[in-house]
Amino acid sequence: MLTATNPEYKYKASLIIPVYNEEENIDLLQAEIEKSLDGKLSYEVIYADDGSSDKSYELLAAIAAKKPNIKVIKLRRNYGQTAAMQAGIEHASGEIMIPLDSDLQNDPSDIPDLIAKVEEGYDVVSGWRKNRQDTFINRKLPSVIANKIISVISGVHLHDYGCSLKAYKADVLKYVKLYGELHRFIPVCASWYGAKVTEMPVKHHARRFGVSKYGINRTIKVILDLIVMKFLTNYATKPIYVFGGMAMLSFVLFMASTAWALVLKFGYGIDLDSTPLPVISAMFFTVSIQIAMMGLLADMLMRTYYESQDKKIYTVEKALNFEAEKQYAQV
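Counting from 716, one number per residue, gives the positions in the sequence shown under the working numbering.
You may find that some hints are simply not true.
Here are the computed lysine-lysine pairs in the DSSO-like style, where the Cα-Cα straight-line distance is at most 30 angstroms [claimed, not checked]:
{"hint": "1", "residue 1": "LYS911", "residue 2": "LYS945"}
{"hint": "2", "residue 1": "LYS911", "residue 2": "LYS845"}
{"hint": "3", "residue 1": "LYS892", "residue 2": "LYS918"}
{"hint": "4", "residue 1": "LYS782", "residue 2": "LYS845"}
{"hint": "5", "residue 1": "LYS727", "residue 2": "LYS789"}
{"hint": "6", "residue 1": "LYS832", "residue 2": "LYS918"}
Across the chosen pairs, the derived CB separations fall in these ranges [as the list claims (entries may be wrong)]:
{"hint": "7", "residue 1": "MET963", "residue 2": "LYS892", "range": "28 to 38 angstroms"}
{"hint": "8", "residue 1": "ALA776", "residue 2": "LEU1011", "range": "44 to 54 angstroms"}
{"hint": "9", "residue 1": "HIS920", "residue 2": "SER768", "range": "36 to 46 angstroms"}
{"hint": "10", "residue 1": "ALA780", "residue 2": "LYS755", "range": "20 to 30 angstroms"}
None of these hints come from the bench; they were simulated from the model. Just so it is clear, the structure is predicted and the values come from calculations on it, not from any experiment. Every residue, glycine too, gets a C-beta built ideally from N, C-alpha and C.
Model the full assembly from the supplied sequences, consistent with the hints where possible.
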């Protein structure tokens, strides 16, 4: 079991906090973190300033100058929450990583309980804003829709994927690379790789300062990112299965439209020039060939990707009686 005394980890917990134009909240958030965690556990806070245009970075720099366990990363421009979180993950040195929002809606006092849940044997503990303090139309409703869609497609049933406050064992995130809005899908990805995932209710507060950066368009982005995640997880090493299946479907439609054209021609004496069937048949045949070729190209790219970097197509949870320094790469 990994412990805070393991030389691989400097701190028990790493709090990862993306920040974008939250100057009114920063000092209050830092005070809440210290109130909740000081004297209770070894921790670091990594603030990732995502190209703020207000005084957020100056305030963070002032805090970091006084406290060595406060780290600040300033991104050159606004890349988005996922990129800021990825930057925090890559610079973290804690055994347990805990992302949370910088808008004071997450409560740092829940962090010890999340860590205790991880120590029960879970790899991921997801916060559930059971009593969410947000507007219904543009925040709660899109969240409910997105959560239902994600649960159905992924098979990982959580009430609140959008809650930033979660706890991850560091080795779960060690090989994670985040793009788009994929930070919310880490529990899904971890579960597909065999991690133990659970959730627990956490407190949630109404926003006091600043403006929300979320909107109903985020639901569309979530669905698109989920399609990408599902493909990468299930078919990254066998893309021909997806493209080949689509090619076969297109070829079957070609055969069906051709057969129906022949029935009309020889069974009913209908001139095919008066129907769209010849064009439809030719289209389905051409599409089936193109998709099949795309599948072959994707398979070749996949092999080049793994073999050129000596990446593994499997993950290892434990290995006994092997040299300790041996590394196992993750997909």
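Taking the hints in turn, this is what the structure says about them:
A hinted pair counts as satisfied when its Cα atoms are at most 30 angstroms apart, and LYS911 with LYS945 qualifies at roughly 19 angstroms. The hinted pair formed by LYS911 and LYS845 meets the criterion: a straight-line CA distance of about 21 angstroms does not exceed 30 angstroms. A threshold of 30 angstroms between alpha carbons decides the hint, and for LYS892 with LYS918 the separation of about 28 angstroms falls inside it, so the pair holds. At roughly 34 angstroms between alpha-carbon atoms, LYS782 and LYS845 are farther apart than 30 angstroms, so this suggested pair is violated.
Annotation: proposed proximity of LYS727 to LYS789 holds, straight-line Cα distance about 24 angstroms (limit 30 angstroms). With a C-alpha separation of about 16 angstroms, the suggested pairing of LYS832 with LYS918 holds against the 30 angstroms cut-off. Distance hint for MET963 and LYS892: a CB-CB separation of about 32 angstroms, consistent with the stated range 28 to 38 angstroms. At roughly 52 angstroms, the beta-carbon separation of ALA776 and LEU1011 lies within the given 44 to 54 angstroms, and the hint holds.
Taking the beta carbon of each, HIS920 and SER768 are about 25 angstroms apart, not inside 36 to 46 angstroms as hinted. Between ALA780 and LYS755 the beta carbon distance is about 24 angstroms. The supplied range of 20 to 30 angstroms therefore holds.
In this structure, the hints that do not hold are numbers 4 and 9, in rising order.
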